[in-house]
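Participant: Dock chain B against chain A, hints included.
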Amino acid sequence: MTVPLHDTAPSPSDPSVPALAVHGVTHAFGARKALDDVSLDVPTGSFTALLGPNGAGKTTLFSLITRLYDNRSGAIHVLGYDVRRQPAAALSRLGVVFQARTLDLELTVLENLVYHATLHGMGFGAGRRRALELLEGVGLADRAKDKVRNLSGGQMRRVEIVRALMHRPRLLLLDEPTVGLDIASRAALVAQVRELVASADIGVLWATHIIEEIGPGDRIVVLHRGRVRARGSYEDILAEAGTDELGAAFLRLVGEETEAA
Amino acid sequence: MSSPSPRFHLPLGGYLVVLAGICWREALRFLNQRGRFLSALVRPLVWLFIFAAGFRSVLGVSIIPPYETYVLYEVYVTPGLVAMIQLFNGLQSSLSMVYDREVGAMRILLVSPYPRWFLLVSKLLAGICVSLLQVYAFLAVAWFWEVELPPIGYIAVLPALLLTGLMLGAMGLLMSSVFRQMENFASVMNFVIFPMFFASSALYPLWRVQESSLVLWWICTLNPFTYAVELIRFALYGQFEPLSALVVAGCAVVFLGASILAYDPSAGVMARRGGPENAR
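Respectively, the protein sequence lines represent chains A and B.
All you need for my numbering is the position in the first sequence, starting with 1, plus 16.
All you need for my numbering is the position in the second sequence, starting with 1, plus 3.
Okay, chain A solo, but in the shape it has when bound:
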């Protein structure tokens, strides 16, 4: 996939600034602590997997990063911009694919994408051109005028990824994007996002509970019950758990906690 991602987007002044930096974030809903002192980094140009079972706090973390509500303690920076203090700067550099389907089924693919472009202040003409260019890249250019209702689940997800890229973000968040997809579509989607990381130099945070979506060379953050259990490269995680298989490593890392609790 050849996608010109940031031909006009401002590049951060310092290339060492990570796409996403979460530092010491704690968040509670009433008495229930959803996140407890969570820290993690997504360097620009990296594929970082946020691995955790259901209820680990992944969606809460995504809500805080996208500023659906504010973090009470700790700090979240997108490309160096504090999400709470400079939300406009942070959100304009951020693309997100939510766990729930968020396309308007009654509208066409192109209409959905152009609408999103306008929400980022991109004009109708520019939005249209950008949408067609990106759709070409994911092999959906011929579906631009179709109603979203008529697409398959995998195609909808690809359109959502295109939508997240419309405004040329430098950080892409995906919250369990493969939920409900068959094995082939799942593999294709993961491959497509990996290509994107390689070709466009954007940071990806990929939340999942599916081990098979993670491969050697990825960075991994293991989240369990609101706390970071392990963090590092694929190889680091295996070494830390003392195993050569990620599934076993994951169970070992979170299993101890389950027994202790």
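Some hints here could point you the wrong way.
[What the hints assert, rightly or not] Pairwise CB distance ranges, derived in the manner of DEER restraints:
hint, chain 1, residue 1, chain 2, residue 2, range
1, A, S249, B, F194, 52 to 58 Å
2, A, D217, B, L161, 50 to 56 Å
3, A, A47, B, A23, 41 to 47 Å
4, A, D162, B, T224, 51 to 57 Å
5, A, G271, B, V256, 28 to 34 Å
6, A, D162, B, F54, 56 to 62 Å
7, B, S42, A, G71, 36 to 42 Å
[As the list claims (entries may be wrong)] Some chain B residues well away from chain A (every beta-carbon gap over 12 Å; in silico):
hint, residue
8, L13
9, V20
10, T224
11, L225
12, P245
Rather than coming from a laboratory, the hints here were simulated on the basis of the structure.
Just so you know, even glycine gets a beta-carbon here, dropped at the ideal spot from N, CA and C.
Facilitator: Then chain B, alone, in the frame of chain A:
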């Protein structure tokens, strides 16, 4: 992370693009949902054709401003039905923003870098545009049913409709963020729309209400919907009713301010509740 980042400003022209985009989407959805438009049109017409026709012999309406002669009941009830269209529309579009399948659309709206208050106001304005179309379609049909208003009324009512639409839309927005239990439209109809509509001057002049029950009269007098109806009623005859305008504008400001606060990331209900996806 300690190094200060360069200052960032959203371009002013971008605000217009956002507003245009939100209105454009609302228009597309409107064109795609002709059924919804039709039902929104049929509802007040049923009242006009059947209810008003049945009651015209029972209810005599004496000469009260803005009317200069005795009017048929159909004529009296028309402004109330216009307000009803806006009440339904305002609540429906605001509530669907958070409930139903629009849950996702709301999240997409809120990740825009533009200020949240601006996004919410744009969304309200887009909803009002749709309700205006419905109101004028209704007035056109009513014209053939011999509810003929002075020509100036059709223009003078426009600013009144904008103001009442803003008040009712903001009220829906506020309700959608404050009440957890209002999960389906049927309960909203029972507990909000019908009481507001019946306890107002939409169907009967307040002096008649006062004759039968003083308590009910007080309720009607305190109901902001009464003032929406009266603002529209006077405007339809090219007249300005200052008290109604003041009450409607005041309520619009309060409801809008409160709903912006409710959707504020740091102060609002979103944080307490864990986001719209957990709103059960």
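Participant: Would you mind marking each hint as holding or not holding in the structure?
Facilitator: Hint check:
1. A/S249 x B/F194: 52 to 58 Å: holds, 56 Å
2. A/D217 x B/L161: 50 to 56 Å: holds, 51 Å
3. A/A47 x B/A23: 41 to 47 Å: holds, 45 Å
4. A/D162 x B/T224: 51 to 57 Å: holds, 54 Å
5. A/G271 x B/V256: 28 to 34 Å: Violated - the Cβ-Cβ distance for A/G271 and B/V256, about 56 Å, lies outside 28 to 34 Å.
6. A/D162 x B/F54: 56 to 62 Å: violated, 44 Å
7. B/S42 x A/G71: 36 to 42 Å: For B/S42 and A/G71 the Cβ distance comes to about 41 Å; the hint holds.
8. L13: violated, 5 Å
9. V20: violated, 5 Å
10. T224: holds, 39 Å
11. L225: holds, 34 Å
12. P245: Label holds. Min Cβ-Cβ 38 Å, cutoff 12 Å.
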